[in-house]
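Fit chain B to the supplied structure of chain A, relying on the hints for placement.
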Amino acid sequence: MNKAAEKANRAFKGKIRQALDQEADTLDESVLRRLQEARQTALLQKKSHFYLPPSSLKWITATTAGMALAGFLGFVVTLQIMPNKDLNSTLALFDDFEVLNDESELDLYIQLDFYQWLDESLDETTGDATL
Amino acid sequence: MDYYTNIEQFLAHSEKRAFIMARLATCDDEVALDIVQDAMLKLVSKYSNKQSNEWPPLFYRILQSRINDWHRKQSVRNRWRSWLGHTSKESNHDDELQDSRLENYSIESDIQPQQVADDLEFRQALQNAISQLPVRQQQAFLLRAWEGYSTIETAKIMGCTQGSVKTHYSRAMARLRKELQEFSYE
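In the order they appear, the protein sequences are chains A and B.
Heads up, the first sequence is in the numbering used here, so the first residue is 111 and it goes up one at a time.
Heads up, the second sequence is in the numbering used here, so the first residue is 12 and it goes up one at a time.
Derived from the structure by calculation, the hints contain no laboratory data.
Values in this document were obtained by computation on a predicted structure and should not be read as measured data.
By construction, the Cβ of each residue, glycine as well, lies at the ideal position given by its N, Cα and C atoms.
Heads up, a few of these hints could be off.
[Claimed, not checked] If the Cβ cut is set under 8 Å, some of the chain A residues that face chain B in the computed set are:
1. Leu130
2. Leu137
3. Val141
4. Arg144
5. Arg149
6. Leu183
Chain A extracted, bound-state conformation (with noise of 0.2 Å):
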């Protein structure tokens, strides 16, 4: 290489090195500040000894939604395909697990349907007289 390109090759790498210091200078307060941010938390990091990382917490969450969302639509799909019949079983064994789930006495379910009862016997035989 001759000395006028190896002294244009010097001043295009000159110009490069200042034009990407000037950019490092001049970055914005909030980009400063997250950096900064950053660094502290790395630093208290080793002393805590346990941290996720940003990505970490990213993939658990998009995993965990993920998850939740096939649940969902695989909920959705038996649904569709189920033939009545089971889908009032299925229903009737969700309702089930509801009154399981539930702290309330046992003996509350069964006088509330025994109530329900009464009030649609009720409405049966007094309908023409109220009408």
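Just chain B, lined up with the frame of chain A:
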């Protein structure tokens, strides 16, 4: 070679440059910040007990590795997006960025406005040109030309041979010279 008394001092000195490198590679401030934070976390948790002169190459190695990971994930995402017919959002973010930089720079410096505008134009063109380079060429170029690492050190950081570094670097230089030929370097 700079000497650092503790790892915080090293990170404070390197974080801006690392951010610029990550931003050039990803063209996204948020992603660049995440990458730099990940690199800091890894350096502090795994290598803070190393000699301080080992921190810079280790840090840049981690950073480049994170950038490569991001590019790999991004190529998979892009494949899915193209399959789903999703188009990337175009915005006037670059123009807004340019305006805000021009404003900040004019306030902070005593240089003539024309000089400021020329510098900013060159910086913008340079960043666009670097962003267009393949990621390995970007890395070789920034580590050699900006950070001042030797070919051997760059090869260690990039995890490749010296021959590869030379090839990436010379290709990057040739491409940048071509892209930036309208600017003078005197």
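Against the structure, the hints:
Interface hint at A/Leu130: satisfied, since its Cβ lies 5 Å from the closest Cβ of chain B, which is below the 8 Å cut-off. Restraint check, A/Leu137 versus chain B: the minimum CB separation of about 6 Å is within 8 Å; hint holds. The beta carbon of A/Val141 comes within 7 Å of a beta carbon in chain B, closer than 8 Å, and the hint placing it at the interface holds. For A/Arg144, the suggested interface contact is upheld, since its CB lies about 5 Å from the closest CB of chain B, less than 8 Å.
Proximity of A/Arg149 to chain B holds as hinted, the smallest CB-CB distance being about 5 Å (cut-off 8 Å). A cut of 8 Å between beta carbons decides the hint on A/Leu183: the least distance to chain B is about 16 Å, and the hint is violated.
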